[in-house]
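Let the hints inform the model, and build the full structure from the sequences given.
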Amino acid sequence: MKVAKGQNELSQFNQAVKKHINILKQVRKSISDSCQVMKKTFADFGIHFKKLGDFEYNALTDFSQEINLDVALIIYSKLKPTKPSFSKLQLKIDKAIDQISNQFSITKIKNNEYIKITKVINDTKINFYLQPVVKTVLTNKKSAYFVLRNQFVQEDLMVKVTDSFKKANKIANNNLVSLKLIIKYTLKNDFDYNYNIDMLILRWFYEYFCKKIDNYIFKKTFQKKSEDFKDFNIKNFTKLNNLQHWFNRNVNFKEMMTYILERFFKTNTYYFNNFNFIEEELFESISRYSVFTNSNFQLPVDYFEDFKIFDLRNYESQYELQSGLSESEGYSKVAFDFARAHDRRYVVSPVLKTGSANLVIYQKALIKKSKELYDKLPNEIIAEIKSLKQREAMEALNQLAHNWLSIYQAKLIYSKPYFDTKYPIHLIKNFDDLMETMVQTIDGISEKQFLVGFDN
1 MKVAKGQNEL
11 SQFNQAVKKH
21 INILKQVRKS
31 ISDSCQVMKK
41 TFADFGIHFK
51 KLGDFEYNAL
61 TDFSQEINLD
71 VALIIYSKLK
81 PTKPSFSKLQ
91 LKIDKAIDQI
101 SNQFSITKIK
111 NNEYIKITKV
121 INDTKINFYL
131 QPVVKTVLTN
141 KKSAYFVLRN
151 QFVQEDLMVK
161 VTDSFKKANK
171 IANNNLVSLK
181 LIIKYTLKND
191 FDYNYNIDML
201 ILRWFYEYFC
211 KKIDNYIFKK
221 TFQKKSEDFK
231 DFNIKNFTKL
241 NNLQHWFNRN
251 VNFKEMMTYI
261 LERFFKTNTY
271 YFNNFNFIEE
281 ELFESISRYS
291 VFTNSNFQLP
301 VDYFEDFKIF
311 DLRNYESQYE
321 LQSGLSESEG
331 YSKVAFDFAR
341 AHDRRYVVSP
351 VLKTGSANLV
361 IYQKALIKKS
371 KELYDKLPNE
381 IIAEIKSLKQ
391 REAMEALNQL
401 AHNWLSIYQA
411 KLIYSKPYFD
421 TKYPIHLIKN
431 FDDLMETMVQ
441 TIDGISEKQF
451 LVGFDN
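Everything in the sequence shown is counted per the UniProt record's numbering, starting at 1 for the first residue and increasing by one.
Wrong hints could be hidden among the right ones.
[Stated by the list, open to error] No more than 30 Å apart at the CA atoms, straight line, and that leaves these computed lysine-lysine pairs for DSS-like:
id: 1; residue 1: Lys369; residue 2: Lys125
id: 2; residue 1: Lys239; residue 2: Lys170
id: 3; residue 1: Lys239; residue 2: Lys224
id: 4; residue 1: Lys376; residue 2: Lys125
id: 5; residue 1: Lys170; residue 2: Lys429
id: 6; residue 1: Lys239; residue 2: Lys308
id: 7; residue 1: Lys39; residue 2: Lys83
id: 8; residue 1: Lys376; residue 2: Lys184
id: 9; residue 1: Lys119; residue 2: Lys19
id: 10; residue 1: Lys39; residue 2: Lys364
id: 11; residue 1: Lys333; residue 2: Lys142
id: 12; residue 1: Lys167; residue 2: Lys142
id: 13; residue 1: Lys184; residue 2: Lys119
id: 14; residue 1: Lys184; residue 2: Lys167
id: 15; residue 1: Lys167; residue 2: Lys235
id: 16; residue 1: Lys135; residue 2: Lys95
id: 17; residue 1: Lys29; residue 2: Lys364
id: 18; residue 1: Lys141; residue 2: Lys83
id: 19; residue 1: Lys166; residue 2: Lys235
id: 20; residue 1: Lys308; residue 2: Lys212
id: 21; residue 1: Lys239; residue 2: Lys141
id: 22; residue 1: Lys429; residue 2: Lys254
id: 23; residue 1: Lys212; residue 2: Lys225
id: 24; residue 1: Lys25; residue 2: Lys170
id: 25; residue 1: Lys39; residue 2: Lys88
id: 26; residue 1: Lys78; residue 2: Lys92
id: 27; residue 1: Lys95; residue 2: Lys29
id: 28; residue 1: Lys80; residue 2: Lys108
Just so you know, these hints were derived from the structure itself, not from any lab.
Here is the structure:
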């Protein structure tokens with residue numbers, strides 16, 4: 001079977017990334033063995049052990065001899081869960097944990113929000129963060145996942161973000177995981193939360209992907225002579241294998257990488273009014289004056305979870321599109337209006353989803369980073385924060401936080417020039433050489449150098 005040029009390039013690039021960014025085989029095997037033990041044990045108690053995020057994508061890195069892995073412990077309920085639902089789930093989890101307590105170090109976190117299970121292999125600490133989750137089906141027949149956070153039952157998108165990223169990555173022939181690994185290598189465990197990166201990648205991957213498909217379908221179906229459209233087999237085209245083949249033949253992955261990274265922090269999207277972030281103050285709990293630091297971490301609260309193609313000559317298809325138009329959960333009115341205005345038959349729309357992913361782990365990471373930055377302050381400044389001179393001390397705290405946030409942002413998009421045709425480095429044809437150049441350069445960049453240009 002002849003391999004498409006695009007497929008061959010993608011494969012070579014992915015192999016080069018895996019070669020330069022990986023974890024030890026013994027550590028990987030220990031993770032796999034531990035996973036099998038826990039999966040079977042929890043299954044015996046009717047609990048589904050589901051890997052989340054980078055654990056599910058196999059996008060694991062180890063820069064500090066500590067690997068954090070997220071897991072959802074899921075039970076299914078016909079009704080929307082309540083606090084007693086989680087109490088019952090916790091009892092099941094406790095019984096399951098008793099079965100494996102002699103094999104792992106186990107720590108239960110207050111309020112039963114998650115359980116930390118640790119194993120050490122070759123001086124590497126492997127931490128499994130297990131969260132109780134209840135899955136149910138809502139009145140709109142869509143599934144939803146709930147967690148107990150701060151003693152309140154809340155919907156959480158960590159499972160859905162994981163599933164969406166996994167599908168998008170399959171369409172892109174593992175290209176998105178390669179991008180994720182490069183970003184993680186640049187960050188070097190700088191922040192113990194990565195679902196925001198998944199959501200940002202999904203936003204711009206599907207915007208790029210939908211535009212490409214829309215253009216392809218128009219050229220494929222529009223007949224100039226009759227000024228009409230041929231039939232297009234949507235069901236067949238959207239099969240995963242066919243999408244993968246189409247991606248190989250029609251997408252320049254370097255162009256796609258550039259598109260994603262160029263727009264990482266933008267809020268303007270073609271398909272909807274805008275993307276949204278929530279801002280959370282890094283030092284909210286430290287002082288009543290922390291509001292003056294203006295040191296906010298931006299967390300995305302919406303993303304594209306999938307895409308869909310509609311036929312406006314098919315009543316059911318058009319009805320689904322029109323009834324699902326939304327600026328928070330659903331399809332693009334912009335795409336629909338454009339199709340009607342230009343007498344298009346087919347509409348390609350990303351599917352917008354709104355919410356947050358794994359807020360329990362996000363808050364844990366935010367508090368940890370806040371403490372790390374706070375501990376960098378000179379003793380005399382810390383003394384001021386604890387005194388009546390708090391307002392003056394906030395300036396020093398703000399500078400620390402501002403620098404970290406700026407460096408973090410710079411690291412997220414650092415790799416763009418390696419794919420962007422505007423920069424000569426993208427001309428390196430051998431992907432092994434490209435990755436070697438990239439990792440060596442990253443390892444040689446200081447924090448101050450990352451800050452240049454992002455310290456406004």
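Results for each hint:
Only pairs whose Cα atoms come within 30 Å are accepted, and lysine 369 paired with lysine 125 is accepted, the gap being roughly 20 Å. A C-alpha spacing of about 12 Å is found between lysine 239 and lysine 170, which places the hinted pair at or below 30 Å, so the restraint holds. About 28 Å separates the Cα atoms of lysine 239 and lysine 224, which keeps this hinted pair within 30 Å; it holds. Proximity of lysine 376 to lysine 125 is assessed by CA-CA distance (about 25 Å); at most 30 Å being required, the pair is judged to hold.
A hinted pair counts as satisfied when its Cα atoms are at most 30 Å apart, and lysine 170 with lysine 429 qualifies at roughly 24 Å. A hinted pair counts as satisfied when its Cα atoms are at most 30 Å apart, and lysine 239 with lysine 308 qualifies at roughly 12 Å. Between lysine 39 and lysine 83 the CA atoms are separated by roughly 25 Å; this keeps the pair inside 30 Å, and the hint holds. For the hint linking lysine 376 to lysine 184, the alpha-carbon distance of about 24 Å falls within 30 Å, and the restraint holds.
Distance restraint check for lysine 119 and lysine 19: the Cα-Cα separation of roughly 25 Å lies within the 30 Å cut-off, and the hinted pair is therefore satisfied. Among the hinted pairs, lysine 39 with lysine 364 is consistent with the structure: their alpha-carbon atoms are about 25 Å apart, no more than 30 Å. With a C-alpha separation of about 21 Å, the suggested pairing of lysine 333 with lysine 142 holds against the 30 Å cut-off. For the suggested pair lysine 167 and lysine 142, the alpha carbons sit about 18 Å apart, so the restraint of at most 30 Å is met.
Under the criterion of a C-alpha separation no larger than 30 Å, the hint pairing lysine 184 with lysine 119 is consistent with the structure, at around 22 Å. Proximity of lysine 184 to lysine 167 is assessed by CA-CA distance (about 20 Å); at most 30 Å being required, the pair is judged to hold. A distance of roughly 17 Å separates the Cα atoms of lysine 167 and lysine 235; the hinted pair therefore holds under the 30 Å criterion. For the suggested pair lysine 135 and lysine 95, the alpha carbons sit about 20 Å apart, so the restraint of at most 30 Å is met.
The straight-line distance between the Cα atoms of lysine 29 and lysine 364 is roughly 27 Å, inside the 30 Å bound, and the hint therefore holds. Pair hint lysine 141 plus lysine 83 holds up; C-alpha atoms about 23 Å apart against a cutoff of 30 Å. Restraint check for lysine 166 and lysine 235: the C-alpha separation of about 20 Å stays at or below 30 Å, so the hint holds. As the CA atoms of lysine 308 and lysine 212 are separated by approximately 13 Å, the hinted pair is consistent with the 30 Å bound.
Among the hinted pairs, lysine 239 with lysine 141 is consistent with the structure: their alpha-carbon atoms are about 23 Å apart, no more than 30 Å. Our distance criterion of 30 Å between C-alpha atoms is met by lysine 429 and lysine 254, whose separation comes to about 12 Å. With a C-alpha separation of about 24 Å, the suggested pairing of lysine 212 with lysine 225 holds against the 30 Å cut-off. Under the criterion of a C-alpha separation no larger than 30 Å, the hint pairing lysine 25 with lysine 170 is consistent with the structure, at around 24 Å.
Between lysine 39 and lysine 88, the direct Cα distance comes to roughly 19 Å. Compliance with the 30 Å bound is thereby established for this hinted pair. Distance hint between lysine 78 and lysine 92 is fulfilled; the C-alpha atoms sit about 18 Å from each other, no more than 30 Å. The suggested pairing of lysine 95 with lysine 29 holds, with an alpha-carbon distance near 26 Å, which does not exceed 30 Å. Restraint check for lysine 80 and lysine 108: the C-alpha separation of about 25 Å stays at or below 30 Å, so the hint holds.
The structure agrees with every numbered hint stated previously.
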